[in-house]
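Q: Read off the chains here:
4 protein chains.
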Amino acid sequence: MGERVSSAPVRIGVIGAGAMGGSHARMLTRWVPAAGVALVHDFDAASAARVAAEVGAESVGSAKELIDAVDAVVITSPDPTHEELALACVAAGRPVLCEKPLAVDVDGAARVVAAEEATGRALVQVGFMRRYDPAYVAMRAAVLAGRVGRPLVVHCVHRNAVAHPSVTSDGIVSNSMIHELDCVPWLLDDPITAITVASPRAEGLRDPQVALLETAGGTLVTVEVFVNAGYGYDVRCEVVGAAGTVRLTPPYGLAARTEGGDGLLVSADFVARFADAYRTELAGWVEGLQRGVVDGPTARDGYRAAVVAACGVESLHTGARVEVPQT
Amino acid sequence: MGERVSSAPVRIGVIGAGAMGGSHARMLTRWVPAAGVALVHDFDAASAARVAAEVGAESVGSAKELIDAVDAVVITSPDPTHEELALACVAAGRPVLCEKPLAVDVDGAARVVAAEEATGRALVQVGFMRRYDPAYVAMRAAVLAGRVGRPLVVHCVHRNAVAHPSVTSDGIVSNSMIHELDCVPWLLDDPITAITVASPRAEGLRDPQVALLETAGGTLVTVEVFVNAGYGYDVRCEVVGAAGTVRLTPPYGLAARTEGGDGLLVSADFVARFADAYRTELAGWVEGLQRGVVDGPTARDGYRAAVVAACGVESLHTGARVEVPQT
Amino acid sequence: MGERVSSAPVRIGVIGAGAMGGSHARMLTRWVPAAGVALVHDFDAASAARVAAEVGAESVGSAKELIDAVDAVVITSPDPTHEELALACVAAGRPVLCEKPLAVDVDGAARVVAAEEATGRALVQVGFMRRYDPAYVAMRAAVLAGRVGRPLVVHCVHRNAVAHPSVTSDGIVSNSMIHELDCVPWLLDDPITAITVASPRAEGLRDPQVALLETAGGTLVTVEVFVNAGYGYDVRCEVVGAAGTVRLTPPYGLAARTEGGDGLLVSADFVARFADAYRTELAGWVEGLQRGVVDGPTARDGYRAAVVAACGVESLHTGARVEVPQT
Amino acid sequence: MGERVSSAPVRIGVIGAGAMGGSHARMLTRWVPAAGVALVHDFDAASAARVAAEVGAESVGSAKELIDAVDAVVITSPDPTHEELALACVAAGRPVLCEKPLAVDVDGAARVVAAEEATGRALVQVGFMRRYDPAYVAMRAAVLAGRVGRPLVVHCVHRNAVAHPSVTSDGIVSNSMIHELDCVPWLLDDPITAITVASPRAEGLRDPQVALLETAGGTLVTVEVFVNAGYGYDVRCEVVGAAGTVRLTPPYGLAARTEGGDGLLVSADFVARFADAYRTELAGWVEGLQRGVVDGPTARDGYRAAVVAACGVESLHTGARVEVPQT
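Chains as they are written, first to last, in this note's numbering: chain C, 1 to 327; chain W, 1 to 327; chain L, 1 to 327; chain E, 1 to 327.
The hints are simulated quantities; they were obtained by calculation from the structure and are not laboratory data.
Since we're looking at a predicted model, the values are computed, not measured.
Some clues are possibly wrong.
To be verified - These stretches of chain W come out as covered by chain L in the derived footprint (C-beta under 8 Å, 3 or more residues):
1. 22-33
2. 240-248
3. 300-309
Note that the Cβ used here is the ideal one computed from N, Cα and C, for glycine as well.
Sequences are here, hints too, so could you generate the full structure?
A: Here is the structure:
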């Protein structure tokens, strides 16, 4: 398990040199011996050059050039480019870790799945990093081992301090809630069969949103997503079973007693909160590459989450419960 | 505020000498100087005699006799008797604190409201004791003072260790969830306008249940009620607003570190959990009596909660969202 | 247990109409049916009149007059008057609940004990209200039942937001830490045999102070008292035994998530924190009176705590460990 | 910061192939790109071969051979061998990360310091991994930035589930409490000047132990070390300052509600609890090597902790406060 493969490190190319791309490049460089970042591309050449310099890589002027020259690709570019880049990786036979979402709509995600399946190889992993968070992993193990008995209800809360001004009501489902839409079925080993999404009455952005999910096994799931919660980043989950409940505890860190209060200092964003998960995700992906497998969330997982998200957006617009086609 | 009224204590009669009746009788006797339990009635004369002896009261053979002989009445008898007894108190002009539910159905509750209104006097208080819990009171004050900004979402959890074998799926709405159906509108000062109730797929009793409430002001409320949660009694509430959230903390008591765990010792039932609320409720009711007012939840509050509960039962049966008539 | 004694309520006189005297008078009036506040005295006649009016009592011009006219006395006057007033109550054969400290020094406390013992009656109770706090009571029951095995170490923290300007370094031991000096032996059923007190190096007031107590049974106890902790009132206690630990949980109330934090709202002072304990203390004392016993902390308990406090003050001055004479 | 040095990875030799040696070898291999484990030695050749095979290294028959053949050495062999091995590394000019303690006594630690200083180079780092724990690092930053005002009191708790049968009363100071003896001065940037150690009266092993530390700056520190606490591994720390307090929160993970309780699942040992700290420690050490510096705890830090521990052992035997010579 701890064995360093004697062969040369996997040469990785990173497409998209923004905050997430830079973070992934640094994580790979500092913490993943089996990988080396060789090339970086961004439509903004200066960003690519800066990140490349940070990690001892080179920058290249086109995604195609990068894909052809490396062993595997990390896609951290803007969402609308994901599908095209993933398809290009698949066409070139390059393993790819694509940040979520896999595509901006269900059809796009389906095209990536179809293209990958046509190759007969497992090439695509989607960046649902919660599956690598140690506490989520422990929670899943506890649930699947029957520690809480049959899962009956799950409660999820997912809050950001402040959303990017470009956020849309639909995007809250397809870009934020999509984490829960992927990780709840994984947690329970049970697919989502229906979704209802509502939001408090408001002008403008429909935020927060409250979803009720139903699974094939009959479990009910509440999800609150609130992208402008103000006070900080906060992700919670409790699984309520016939024999007890299990839940994530607050992140490890500091608590302070000052001025009439006694409490935790909440992390500001998901990068700090899920740093361990991102590191383990990247290492797990690279280790999978070396064994020729995709261990993490697959393109089909990304497609399934997109299908549920599309149903969620429909529900948000109509107010009605939407049954989710099983794929 | 602390003034002891010089006049003789209010002479109280308790109808129903079971666990709740005994507890109320002892609370009044030990903690409420302004009141004295004079008479106790129960269809089981031995129970009535036992509770009467405990508190220095006398037992009587009929509810009517009791109602005629006292200044005010506490109804803690079985639910199907509430309406008739409340009507008898109203007819006799006796102030009455009636344990919830006010009646077993909406029409019954409406009859009590109508009878009371016909007298032109405020006579009926319903035993929604959460309105007296110090933390709920503080939470309401914080919310109404704008401490969390506009309330957007509320999350409620309400769990019992083990339900009485006689519990029914409808009864979980009308007897357990009814606490939330009363206290959420009170907490937000905002009535419920729609309710959707679902439960995990199961044979037999539909437990737990998950409800989604909508208020006139546009707030969304999730409620989980689980009457066979197994591990203990547990009531939680968080109000999520535009400017932060506020929530009840766990009850004060002991925590232990033993055998791989570190945690709270959960109270077994609502009597222990809400002892302070019951005491304050009884004292507040008696003080209201002395001033000739009903300070606490009124018959109309009991009626409104019954209306929402009836809609909830309908939703539980049909799976559909039910709009709540405003009354 | 809940029985209301049929005889007339105990007529109580309150000496000292400051914050604590007013609070006790209101508590007795609102919550203790078996008692009635009949008379109030204060060297400031206006204060006495104000409190008396609040509770429907009368004010009197001298303590002696009050003591002669009532069934039992509550002493809440300034500390230097406690001994003389307690002795006057004993001389008059009046049961008395004396706020801590029983006297300003050990000799004074000894004189009260001697005077009481000379009467052959149990007359004096000292206001160590923590013994009535529900969580302390539950902790003691757990410890004495062997739930954590043999108690090995106890950790106590006792913090005030801001001390009165008149506080002295010695007074921190004899007026604040005295709560722990009384309640630890009660908690463990094991007397204190040695004390060492130290404080961080500072100009002026020696605050906070850290004490190490040793008990006859060989348990070690750390105590931090910090009377200017700034952020609020905070009392904590953990008993560490051979088979696990048990500790007080934070007081029940509200928690808020706002501006980067997630935590409890800390109570500002001991009146709010120990309101239940004060109420139960007063009721327990009155019920004891009616049975002719002193159920709570006795004059000898007050004397023992004073002895330990005197040793603590000596240790604070010398820096050395001081053995506590067993009395 | 994230830059991968282009030169070949540092070739590391691990001496001592027990649990800690195996863990360090695997950590280096899996998570530290800049390092490679080249050789492993253990007096038990089979253990060395097993760990070597796990990480793609070779095993060698003598420590001397290993030291001569690698770029840098990790010492995880039994405590009595640390001094001799560290001296051998220093003599060979090899950077070395030596697990605590640096030597079994003060004189041994002094010899290592002297030998290193004679070379004029920084070669020795001691394995006080808490300095790398993210929450300890954040706590130190908060304290040194003045967030709690002047530090007045620190409370430390350090508990193991079950100690190795070979543990001794002195060893609890010199092997367990030594973590606090190193990390408190680091946390406060303030050396320890006196120590008093006591333990509950008991036959046999003196466990738990309670220490009172004093710093040059006048801060008081309580430390409880309990190596047979039974329920799990538990490390806590609170710094109490003039303007508030800051404390470590419980490790991130799962909490469960089952059978009357609601709480955290406590980690069983320090390997799980401090996994992140060990990883960061090893990476930080290797990065220091590449820059030719010792960034972490030095031999002198190890020596200072040994001096305080020796004073602590003396205090444990005599019961008296022992002043710590400043070195």
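Q: Could you run down the list of hints and mark each one as holding or not?
A: Hint by hint, here is what the structure shows:
1. 22-33: holds (count 8)
2. 240-248: holds (count 6)
3. 300-309: Contact hint for the region 300-309 of chain W vs chain L: violated, 0 residues under 8 Å.
Checked against the numbered hints given earlier, this structure breaks only hint 3.
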